[in-house]
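Chemist: One letter stands for each residue in the lines below.
Number of protein chains: 4
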Amino acid sequence: MEFRGIFPALTTPYEADGEVSLAGLKGNIRRYNQTGLAGYLVLGSTGESVLLGREESDAVLAAVKEVAAPEKLLIAGTGAESTAETIARTRRAAALGYHAALVKTPYYYKPAYRPETYIRHFRAVADASPIPVLLYSVPVFTGVTLETPEILALAEHTNIVGIKDSSGSVQRIGEVVSGAPAAFQVLTGGAAVLYPALAVGAKGAILALASAFPEKLVELYDLVIQGRHEQAKELQLALVGTSKRIMTENGIAGLKYAMDLRGYHGGVPRLPLLPLNEEKKRQIAALLALNETSAARV
Amino acid sequence: MEFRGIFPALTTPYEADGEVSLAGLKGNIRRYNQTGLAGYLVLGSTGESVLLGREESDAVLAAVKEVAAPEKLLIAGTGAESTAETIARTRRAAALGYHAALVKTPYYYKPAYRPETYIRHFRAVADASPIPVLLYSVPVFTGVTLETPEILALAEHTNIVGIKDSSGSVQRIGEVVSGAPAAFQVLTGGAAVLYPALAVGAKGAILALASAFPEKLVELYDLVIQGRHEQAKELQLALVGTSKRIMTENGIAGLKYAMDLRGYHGGVPRLPLLPLNEEKKRQIAALLALNETSAARV
Amino acid sequence: MEFRGIFPALTTPYEADGEVSLAGLKGNIRRYNQTGLAGYLVLGSTGESVLLGREESDAVLAAVKEVAAPEKLLIAGTGAESTAETIARTRRAAALGYHAALVKTPYYYKPAYRPETYIRHFRAVADASPIPVLLYSVPVFTGVTLETPEILALAEHTNIVGIKDSSGSVQRIGEVVSGAPAAFQVLTGGAAVLYPALAVGAKGAILALASAFPEKLVELYDLVIQGRHEQAKELQLALVGTSKRIMTENGIAGLKYAMDLRGYHGGVPRLPLLPLNEEKKRQIAALLALNETSAARV
Amino acid sequence: MEFRGIFPALTTPYEADGEVSLAGLKGNIRRYNQTGLAGYLVLGSTGESVLLGREESDAVLAAVKEVAAPEKLLIAGTGAESTAETIARTRRAAALGYHAALVKTPYYYKPAYRPETYIRHFRAVADASPIPVLLYSVPVFTGVTLETPEILALAEHTNIVGIKDSSGSVQRIGEVVSGAPAAFQVLTGGAAVLYPALAVGAKGAILALASAFPEKLVELYDLVIQGRHEQAKELQLALVGTSKRIMTENGIAGLKYAMDLRGYHGGVPRLPLLPLNEEKKRQIAALLALNETSAARV
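Chains as they are written, first to last, in the working numbering: chain C, 4 to 301; chain H, 4 to 301; chain X, 4 to 301; chain B, 4 to 301.
Using C-beta positions, here's what the derived DEER-type ranges look like:
1. H:L155 - C:E22: 35 to 41 Å
2. X:P118 - C:E22: 50 to 56 Å
3. C:R117 - H:P133: 38 to 44 Å
4. C:G230 - B:A288: 34 to 40 Å
5. B:A186 - H:E150: 38 to 44 Å
Here are the simulated DSS-like pairs of lysine-lysine, each with C-alpha atoms no more than 27 Å apart in a straight line:
6. H:K113 - C:K113
7. H:K283 - C:K113
8. B:K247 - C:K206
9. C:K113 - B:K247
10. B:K113 - X:K113
11. X:K283 - B:K113
12. C:K113 - H:K247
No lab work stands behind these hints, which were simulated from the structure alone.
All residues carry an ideal CB built from backbone N, CA and C; glycine is no exception.
Using the sequences and the hints given, assemble the complete structure.
Modeler: See below:
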């Protein structure tokens, strides 16, 4: 199974009453189906997975599966704090037809967790999973970083096929690419470092920003694959500012608003995440207008 | 409602097959009922609440309620990432007869969370809660620290009656005690700073270590209340090492093993938390043996 | 040599042209001589030691020695990154008549420093020093924390007589007091935790805030020594806010301005430290006015 | 003035008695003169500048100037905590014939430093400097990170011509390259991210590792400039492990030992930096032997 290309970390839209909008979600997927996206990550951090109940999560998984174009790879976020619950979620995703599971590190009891804890957790999940497992290291949310030695140890497991590294460290990507078996695939979680990550051997990316700008991120990926490095550099530099002003400064609320402006079902996030204020909305609208009038930019 | 005295953060025992042992839990409570403990915290961090399912959590709440002596104050840990889910859990705890809810900060989307996020979250929970709310700041697990300005803003809410501060900062306890309304109660989460916390105005403590050593921690509390400062200091200094070697170095697994040695239902934690190895067990056994042969020590 | 009581971390006043004002410094010392301060720390962090040249440092040491009352203990800050330079500075301080040296941890190459590095550094300095050495752990400036095991190892050295711990951790004070030889003296660097630190066995304190409010901090120390715990608590709680608003929020510039208001030679710090703006000055002036009209407060 | 290419962060060799070995230093420079290195950084972090006295620093600057080939750009590290001292050092370097000054952020009083503090500091230095100034952000040693807004504000100053960013963040390099005037030059301090940094617009690098492996790093730079991306990637991946095992794991002591093995004057660092133990030496020797027998590797 190859994770080449760009996967958006899907958002979860809500109805006016706060319930998950499966219609909105399916609408987004139908539009994404028309693009060069390689597949979809469902129930990732961007999907507000930690704010959804179990029934909601299952409904989201089923809805995406229902409308996704058949050539798209489907990845389900299934990581929970408990090893047993992670396995249960992974099995449900497999039963629903998902091709792979993205499993974030446990993180709550981090003072008690050692490298051995992560290694045993991921091995237990991979042993029990009917589908391939991708590790997920996202220190900005979890406070936990999977370091190179643990990653390389886990890369030996036949059912652990890669990692999404959202630490932003291009150096670690190089370390893993140079140290892991050739079949182990590294995906970056950072749109602002997509080109440099690919340059040192990442195979693709799972990106929140791709939920609003799928074409631009696919374009950047294609430029790199085609060896058009100068154009890749220019597009990457244009995307750096877009990424910072939308995702770094405004998070999921910012991303969803950018999606609204681009005709997707964005909406507001669930509490405790707060919606954007009017000033922030104006800034994002101005940024997108600027990008559209600039041929060389997003 | 006064939270004076010592509350153990209860552990959750498991049967050999990994299921929650309600019998073991009730057995522990019946022993604690004989002590001077002021009440019980159920489903806190020490209770592995993030490793339990919803049905398990409800069963644990009901079991403790069933056997707790009537004079013991019952506090339920009800914090979830989502505001709505936190409210739902708080209402269930109230319906089960709990006297107060301990609500930890949301923490997953910490790059997007501002002081305003926490203030709005806690106010929404307190507005909706049928029972008084205690804030819970536990940066060692969440990576989020409630700072004094947010705490003081929230202390104005009539249904927010106090805070459990597990940051270990005695300075912040002083800041909150000196800045908040007199009715706002500060509880420390640190057994190693119990006496200094009480000395600057904390009203009590919610302590993991009290699950293994309830008498010693009640004794220390009583010494301070009685103004026997020299004895309080000596007992606190003895407890510092016990706390460090059991909780800081070994976490829940260490605490549960100490409980086993003292005749409680301890057992092993759930995965991904790992059980103690034999060397660690020997160290804790030696520590407890040493304490028992030392009249002035725990 | 006993370090009981309160030592101000002296500030360094400057003339209008930016040169060190030895006259201003001596003027401050003459006033401090009239108080119950136990002695003086010269060339600490508060003294802007890292902004002074070698000749300036020597002149400051000589000036304080010249006018200090004979009963005051004189401590010189002599820590440098290099072991050899630290020894050289310590010997100069001894030659100038200083009673003890306060030696901060090396910190620049912290990724390469191990506990062993600190242990060997401090032992080398203590071996070579003609005067007793106090360890100095100040993570807020250095990013380095001396942990309990290193401190206890160093406490065995006959010429290492104590530590100034400015980490703010009252827990660590308890750990060191309970684990070190009885002759090893712990001094806190936190005015906001003076009472709790003394309560668990600290012998005294070296405090920036004592440069502006020597009488109040000596009063708090005396209350604790006399066992007047209730009054100690009240005064400590009053000082918590003063400490936070002056030192935590405004640093050396805030402290010096408070000194100006209280009739000492304060002035502005050296660049890159910036002077207070007018708004900050007004806040500090208002705080001091409030304290003076409040009998129970600073 | 253009900072294209690779600059080694020079080490400082010592004689057996601990004195600076100017002869050893000159010997190293004479060999470096034969390579494609673009110039030299003298008195950087790698040069143990914080462990040298003023006279030693001046002697080192003079020695390198004396023997450097005339086409090599000479950069002096002149940052000190004090603004005035930084200016004084910068002027001395200029007087000695240095072409540019590398000025690290002040960092000791970091709780009091604001973005404005850094901006005013660097502007004051640049105003007073007879030679162009490069900013230097090295959070691993200082605990201070120059963030993009400050860098972009400073990039407007006509005498601030670039930055050495040793944070390891390739994203920030992209942000600065895309946001700063075209003349502002970004240099990376990370050998493990040299290729990705160049890919997003860095102009060159100042690298500790180049003191031991100048040819390999120049080769990597040249591959990127020539657009030979596939070979650049392969060489970068080989260098990632070398960088980690020598610099990340062993710091200056490791670098100097690698220099010894390659025939340079390496030696041991000054205390408190400790020399390598025999096991570490064997590991580095084995790594270099492996590299030499591997055509595709360093």
